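**Student:** Please work from the sequences and hints to get the whole structure.
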Amino acid sequence: NAGVTQTPKFQVLKTGQSMTLQCAQDMNHEYMSWYRQDPGMGLRLIHYSVGAGITDQGEVPNGYNVSRSTTEDFPLRLLSAAPSQTSVYFCASSYRDNSPLHFGNGTRLTVT
Amino acid sequence: AQSVAQPEDQVNVAEGNPLTVKCTYSVSGNPYLFWYVQYPNRGLQFLLKYITGDNLVKGSYGFEAEFNKSQTSFHLKKPSALVSDSALYFCAVREPNQAGTALIFGKGTTLSVSS
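Just so you know, the protein sequences line up as chains H and C, in that order.
Under the working numbering, residue 112 is the last one in the first sequence; the count climbs by one each step, no gaps.
Under the working numbering, residue 115 is the last one in the second sequence; the count climbs by one each step, no gaps.
What the hints contain is simulated information worked out from the structure, not anything from laboratory work.
Only a predicted model underlies this, so the values are computations on that prediction, with no experimental measurement involved.
Beta carbons: idealized from backbone N, C-alpha and C, even for Gly.
It cannot be assumed that every hint is accurate.
[Stated by the list, open to error] Quick list of the computed label-pair ranges, beta carbon to beta carbon:
1) 3(C) to 88(H): 20 to 26 Å
2) 18(H) to 16(C): 38 to 44 Å
3) 41(H) to 62(C): 25 to 31 Å
4) 83(H) to 28(C): 20 to 26 Å
5) 28(C) to 15(H): 36 to 42 Å
6) 42(C) to 82(H): 35 to 41 Å
7) 8(H) to 112(C): 28 to 34 Å
8) 79(C) to 27(H): 30 to 36 Å
9) 54(H) to 28(C): 20 to 26 Å
10) 51(H) to 84(C): 36 to 42 Å
11) 108(H) to 62(C): 28 to 34 Å
12) 67(H) to 68(C): 37 to 43 Å
13) 30(C) to 61(H): 23 to 29 Å
**Tutor:** And the structure:
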């Protein structure tokens, strides 16, 4: 039982580069979300999805895109990386809105 | 819009003493409330939740939390702290039955338990 799998674990980008952070879950969860964690800022919601084909913006969506073509996958795309996007990114999923979130192990991204 | 506040950046307690980590929230209706813990260089783990019912909720590792609707609070408590409880704790809130909402987290409180 893999749970929520995030790849890569670490990534270094140069300003202006693009990349995709992968997230997959094998629990048939409808709800999936992306958060970034920065010191003193806690966890901030970037984008989320309540089911395949449905996505919405969270608190800090600028500079990020998402899609949800399948129930299992919820990739996060950085279109043109900026140093302000240096952070630890967590993907999470849950069965329904009152269920606990299951978190991936995170991706540590550095943009130089 | 929903929001959650953790007024203390850090809480220091001695091992064996009771601990409280504070959380207050703001939502339009009745909230779904959660506590999570993050150990160093680890992901987040679920501790407990309040959905409805008894205001005192018991969770993992001996933690409990009390939902207080009039004070819009959901403080995390433990009767006797352990050094191994030292970690970063997050409170989170969601408005139920509201399309277009997701779980919003507080900024976190670092708990330090000394021996």
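**Student:** Starting from the hint list further up, note which numbers the structure goes against and sort them upward.
**Tutor:** 2, 4 and 6
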